[in-house]
Amino acid sequence: MHRFLAIVTALLVGVASLATATSSPAQSKGEIVIGVQCDRTGPTQIVGTVLCPGLHDYVALVNSKGGVEGHPIKAIEIDHEYKVPPAVESYERHKKDGAVTMAIYGTPQIYALTSKLTEDRIPGTSPGFGSAAAADGQRYPFIFPIAATYWSQAAAATDFAKKQLGGSLKGKKIAYLFYDNPAGREPIDLLGDIAEQEGFQLKTFAVPPPGVEMGAQVLDIAQRFKADFVISHLFGGAPSVSIKELKRIGYPMRKVIGLVWASAEANIEGAGGFGVAEGYYAMQFAGVGTDYPVLNEIREMYKKQGKPAPKEMASTVFYNRGVLIGALHVEAIRNAVKAKPDGKITGVDVKNGFEKISNFTLGGLVPPLKITPQDHEGGGLVQIWQVKGGKFEKSTEWFAAYQNVVAKHIKESGAKK
Amino acid sequence: MIHRECGVLKTTYEADMGLYPLPIARWTVAVLAVLFFAVIPLTLHEYYLSVANLVWIAVIGALGLNILVGFTGQVSIGHGAFMSVGAYTAANLANRLGSPWPVNLLAGGLMAALIGAIVGIPSLRIKGLYLAIATLAGQLIIEWTINHVTFISGGVQASIEVARPRLGSMVLNTQRDMYYFLLVFVVLAIVGTLNLIRSRVGRAFIAIRDQDIAAEIIGINIFRYKLLAFAISSFYAGVTGVLYTYFLGIANYEQFQLGVSIDYLAMIIIGGLGSVLGSIFGAIFVTLLPIGIRYAMEAFGGIFFSPQTVLNLIPNLRLMLFGALIIGFLIVEPEGLNRLWRNIRSYFRVWPFAY
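Top line first, the protein sequences correspond to chains Y and W.
Okay, so the first sequence: first residue is 1 according to the working numbering, each after it adds one.
Okay, so the second sequence: first residue is 1 according to the working numbering, each after it adds one.
It should be emphasised that the hints constitute simulated quantities derived from the structure, not laboratory data.
Possibly wrong hints are sitting among the right ones.
What the hints assert, rightly or not - Label pairs and their calculated CB-CB ranges:
{"hint": "1", "chain 1": "W", "residue 1": "Phe305", "chain 2": "Y", "residue 2": "Pro72", "range": "20 to 30 Å"}
{"hint": "2", "chain 1": "Y", "residue 1": "Gly343", "chain 2": "W", "residue 2": "Gln308", "range": "23 to 33 Å"}
{"hint": "3", "chain 1": "Y", "residue 1": "Lys394", "chain 2": "W", "residue 2": "Ile40", "range": "50 to 60 Å"}
{"hint": "4", "chain 1": "Y", "residue 1": "Lys307", "chain 2": "W", "residue 2": "Val149", "range": "34 to 44 Å"}
Said to hold, decoys possible - Below are the SDA-like pairs computed for lysine to any residue, each with C-alpha atoms no more than 25 Å apart in a straight line:
{"hint": "5", "chain 1": "Y", "residue 1": "Lys170", "chain 2": "Y", "residue 2": "Gly199"}
{"hint": "6", "chain 1": "Y", "residue 1": "Lys96", "chain 2": "W", "residue 2": "Leu289"}
{"hint": "7", "chain 1": "Y", "residue 1": "Lys338", "chain 2": "Y", "residue 2": "Pro141"}
{"hint": "8", "chain 1": "W", "residue 1": "Lys127", "chain 2": "W", "residue 2": "Asp263"}
{"hint": "9", "chain 1": "Y", "residue 1": "Lys408", "chain 2": "W", "residue 2": "Arg96"}
{"hint": "10", "chain 1": "Y", "residue 1": "Lys388", "chain 2": "Y", "residue 2": "Phe399"}
{"hint": "11", "chain 1": "Y", "residue 1": "Lys173", "chain 2": "Y", "residue 2": "Tyr251"}
{"hint": "12", "chain 1": "Y", "residue 1": "Lys411", "chain 2": "W", "residue 2": "Asp263"}
{"hint": "13", "chain 1": "Y", "residue 1": "Lys96", "chain 2": "W", "residue 2": "Lys127"}
{"hint": "14", "chain 1": "Y", "residue 1": "Lys96", "chain 2": "W", "residue 2": "Ile40"}
{"hint": "15", "chain 1": "Y", "residue 1": "Lys74", "chain 2": "W", "residue 2": "Asp263"}
{"hint": "16", "chain 1": "Y", "residue 1": "Lys74", "chain 2": "W", "residue 2": "Lys127"}
All values reported here derive from a predicted model rather than from experimental measurement.
Idealized CB from N, CA, C, for every residue including glycine.
The following block holds chain Y by itself, in its conformation from the complex (with noise of 0.2 Å):
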């Protein structure tokens, strides 16, 4: 026993020893740094796994072609399980190692973070996350939810839901199913005031969390209450119950449109398969597929490599996501290096450099974003996608509807502040 205890002290000394070692980073010069959290091992892992892939995928692609303006970029990737301390020490850590841009993961480590980025002025996007009010440039002027929020959503599926059901929605009956948290819960009011615009009833219908039971709800929906349409929010596994208890009790899948983190292949796989969910739409924020000039290019890298491409491709949706959020990244770097061009670039040039990204499509996987000072969303643009033969086809292009109650309810929100 004693000697298994000095065994153990000089482990933990020489582990110790090890740690301090090790913290020192060595910078070349030039080099700009982003900070990406991401969540590989929590509840979220199923987008994670593939979405920071997507995103470290185009940081090589840059850097393979000279990085930006010369200098290379940089993603130190940390992981965080979706929990908030961790994502805090790995904002301290990103701040550390030189970041002058952070992505973000996650709707409570946004929250966490936004006074701390905001106080050290580095710009922090937090992509189908956190709050639908920092798309208000002018009050969070460091957050950059940079595609649309919960709002845009909900009123861009309300608006797709009156064209498939004819072109207007007078006396027609929506459902909205959401997860019963924050962020399921945030359209809520808006949905409110579009029906009481266009005079169709709307339910709401909360799935508990974890949300893996929902036949009763579903049922009320299809029998009882006998929805025209029916908006889906749920995270994690809760889209592909839905989809599953839908299909059950015969609810029709083309009168069902799900938002943005009920639309991936995950969730659809999860459901029984494209063949169950057929007909299904999808709301998406970056396009959806493999057929952009972007992904050949990645692919291409891959193969000078000698290497076969990576299995997350084949997850597009979420991999395409990451894929934006790294170009959008890239993008507002390339923005700052321009305006300095001695390449000595602060949060605060990136910060000017996220709002001056206007039509930078990526070949159709970006949306044409206009983001400026006062809107930090840039439009909020999405596509919907429908689940046919196996595959997810394009609905419709790039739009946005009901901006003008969406912009009401973002200075409300400011205004209660």
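Given the structure of chain Y, go ahead and fit chain W onto it with the hints provided.
Leaving out everything else, chain W in the frame of chain Y:
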């Protein structure tokens, strides 16, 4: 902490009860105080201080939970929820009344103590696993309430932004400011707990843990002391929640979910139930180990794998190693890190003259 204690003869009760059994303990504490109040904050990079801050928050929370679980023997899986009670109380007070942080801190702690005492009522009838489930219900009810009552949560997003604490005209917003801010409360919490457990109240807690019927027979009011244990533990939790809120600048309900309660339970079990030093060790261990493993993986992972694979490997291996180390430590020493530390100490006390 590290000292020899032969020839120590105590002749009065006061001496026996003293916080410092020996003069050298005073010196140890003085050295530690200089280290933590001067050397560390003035020499280390802000990043290390941010890690220290996370440890400090965990230490206060773990101390609180240990009072309840370790000293009084009442299992609780509601610690995260009590933290959220403190956080939202403080956030609401700060935003609605504009009250200064000391008031919010106290109010947050007291509100959590009140709610904690209410959730603790079932402990009068049930014990062990049954009590664990009752407190789990408390956790879920509090989570649900904060999530749905917009008067408390301040809106559907269930998050309230809070301004940074001020000290006179100084705004405490850097990690270094926060380090001192939190360290003061860590010291208060440690001294408070050390004093609590050697007082009449603390001894009553321990008596209840060891055998509650016997405790009742020797004249301890079980009703009062069990609820008091819940209240004190929740007070610590509430204070932790308030400090966390000021540290992050926001109260958000997703920061206090069930997983957090479990993490705190893990801390005190790994550190050692019923020991102050153990709570500190546990908090440090659970916070620092993942970070340490990641640094080691980043240093050596690249030798064997491609960078993309390493990125995928680090978090998974870290989880595995973390789990394995916890199991390993608990097999080596079921009574936790505190006991391990005592064993190491007593080994070196006679070293090199073992046996």
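Hint by hint, work out which the structure violates, then give me just those numbers in ascending order. 4, 12, 13, 15, 16
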